[in-house]
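There are 2 protein chains.
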Amino acid sequence: MERLYEIQLFRKLLQFPLFQGMSQDDLTKIVGYVKFDFIKVERGKAVMHENDICDHLYFMLNGILEVRTPASDHGYTFVEHIHAPYTIQPERIFGLIQHYSHDFMAEETCGFVRIDKEEILKLSDNYFIFKLNLLNLLSREVQVCAREPWKSVPKNLEERIVRFIGQRCIRPAGRKEIFIKMTRLAEELNDSRLDVSIALNHLQDKGLIQLSRGKITVPAMEDLLK
Amino acid sequence: MERLYEIQLFRKLLQFPLFQGMSQDDLTKIVGYVKFDFIKVERGKAVMHENDICDHLYFMLNGILEVRTPASDHGYTFVEHIHAPYTIQPERIFGLIQHYSHDFMAEETCGFVRIDKEEILKLSDNYFIFKLNLLNLLSREVQVCAREPWKSVPKNLEERIVRFIGQRCIRPAGRKEIFIKMTRLAEELNDSRLDVSIALNHLQDKGLIQLSRGKITVPAMEDLLK
Numbered sequence: 001m002e003r004l005y006e007i008q009l010f011r012k013l014l015q016f017p018l019f020q021g022m023s024q025d026d027l028t029k030i031v032g033y034v035k036f037d038f039i040k041v042e043r044g045k046a047v048m049h050e051n052d053i054c055d056h057l058y059f060m061l062n063g064i065l066e067v068r069t070p071a072s073d074h075g076y077t078f079v080e081h082i083h084a085p086y087t088i089q090p091e092r093i094f095g096l097i098q099h100y101s102h103d104f105m106a107e108e109t110c111g112f113v114r115i116d117k118e119e120i121l122k123l124s125d126n127y128f129i130f131k132l133n134l135l136n137l138l139s140r141e142v143q144v145c146a147r148e149p150w151k152s153v154p155k156n157l158e159e160r161i162v163r164f165i166g167q168r169c170i171r172p173a174g175r176k177e178i179f180i181k182m183t184r185l186a187e188e189l190n191d192s193r194l195d196v197s198i199a200l201n202h203l204q205d206k207g208l209i210q211l212s213r214g215k216i217t218v219p220a221m222e223d224l225l226k
Numbered sequence: 001m002e003r004l005y006e007i008q009l010f011r012k013l014l015q016f017p018l019f020q021g022m023s024q025d026d027l028t029k030i031v032g033y034v035k036f037d038f039i040k041v042e043r044g045k046a047v048m049h050e051n052d053i054c055d056h057l058y059f060m061l062n063g064i065l066e067v068r069t070p071a072s073d074h075g076y077t078f079v080e081h082i083h084a085p086y087t088i089q090p091e092r093i094f095g096l097i098q099h100y101s102h103d104f105m106a107e108e109t110c111g112f113v114r115i116d117k118e119e120i121l122k123l124s125d126n127y128f129i130f131k132l133n134l135l136n137l138l139s140r141e142v143q144v145c146a147r148e149p150w151k152s153v154p155k156n157l158e159e160r161i162v163r164f165i166g167q168r169c170i171r172p173a174g175r176k177e178i179f180i181k182m183t184r185l186a187e188e189l190n191d192s193r194l195d196v197s198i199a200l201n202h203l204q205d206k207g208l209i210q211l212s213r214g215k216i217t218v219p220a221m222e223d224l225l226k
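Here the protein sequences come in this chain order: D and U. Under my numbering, the residue at position 226 of the first sequence is numbered 226, and the numbers go up by one with no gaps. Under my numbering, the residue at position 146 of the second sequence is numbered 146, and the numbers go up by one with no gaps.
Simulated from the structure, these hints should not be mistaken for lab results. Remember, predicted model here, so these are calculated numbers, not experimental data. Treat the hints with care, as some may be off.
The list makes no distinction among identical chains, and a pair is therefore deemed to hold if it is satisfied within one copy or across any two copies.
[To be verified] Computed list of lysine-lysine pairs in BS3-like fashion (alpha-carbon distance at most 27 Å, straight line):
#1 K40 to K215
#2 K12 to K206
#3 K35 to K122
#4 K206 to K122
#5 K12 to K35
#6 K29 to K151
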């Protein structure tokens, strides 16, 4: 039974970019000496809050996270629903700001493997592939982010709205909710409230978003980005 | 003489984020076994072009680089002037895209220490501080980049122009030239050509930018960002 459980854990860990390419042999050894904490967060409970210290990596094995991000002036809020497997903000255990930048809540009961920062550094010392995975993951993030400003101009206001939403997504797929007033969105896009309203209604007519008071719902971000 | 040269090299390497915090002792050992190439690029010559393969890290010890970046649709071009010390795109030797994303030209004769990717990995294996510097540097880049979309809305068109320029800078200081038509800038900012022209002229009147046909010059980005 124990053995079966281990095999299941290996399979699950291999889904995470940081463990990709590792052999079962490596993973067996790792389980032998790395301190893994197993954490379960019940539905509706917070996993961590914005500004909490990030000194562990959380690998979500199962469940759904609600990730909530306010604009820096709290003028609007963005909500995402992230399914496992997901690694919570690996770019925050190093660097200038070692605090989370979002609120994470268990939307469905979530199971995590948690690894301490020191252990992550040990892993990157002892496993070349792990170190390379970590460097590749962080570099990839920089590359994707840095490309953003150089993209072509959106052709119309609808495309501007799609880009506004897309730039704020952790994952470019799944359901999103944006709690934003039409006037704020108009300011963000440097356009009139009326034109923004017309464009949003066009997107709603196409079935890509749903509008309600102070809220835009994107049922499937992958469809909006098409 | 050799010894004096070595000490000078140590001092210069310590200016780079990747070598920060290393002892002279460490650096002496490193110089003993890491393959450093010394490269000089004469004024006016290319150091590398956009899309060249990035399999080395270039540490610029002296000189000035002209860094040229086209928009992805080549609708405008951004030019920066970067003084030593400067590490050329450390986020490009790992990750998805291992190619440079800018053109680099020696504006004044430039001296580089060049280190192979394999040697960089060896350094990060053998020196904890080097590995931590590398992870911190990449993480910091992600953090800075990821914060961008969440900033407050610019209050007026002048601020939008400043943000447009600021988001495209490698360094938020020094001289920049943007080769862009007023119509393109107006499209980027979702505003009218006339209003963009008025705002640019205000900025020029304040001495923060200089306008010429198809070109905006920022003499000192640090002043524009104030």
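Outcome of the hint check:
1. K40 to K215: neither (31 Å within a copy, 57 Å between copies)
2. K12 to K206: Neither, since 38 Å and 59 Å both go past 27 Å.
3. K35 to K122: So K35 and K122 pass the 27 Å test inside a copy (11 Å) and across (26 Å) alike.
4. K206 to K122: Neither: 51 Å inside a chain and 54 Å across chains, both beyond 27 Å.
5. K12 to K35: within (17 Å within a copy, 40 Å between copies)
6. K29 to K151: Close neither inside one copy (45 Å) nor across copies (44 Å); limit 27 Å.
Of the numbered hints stated above, those contradicted by the structure are hints 1, 2, 4 and 6, listed in ascending order.
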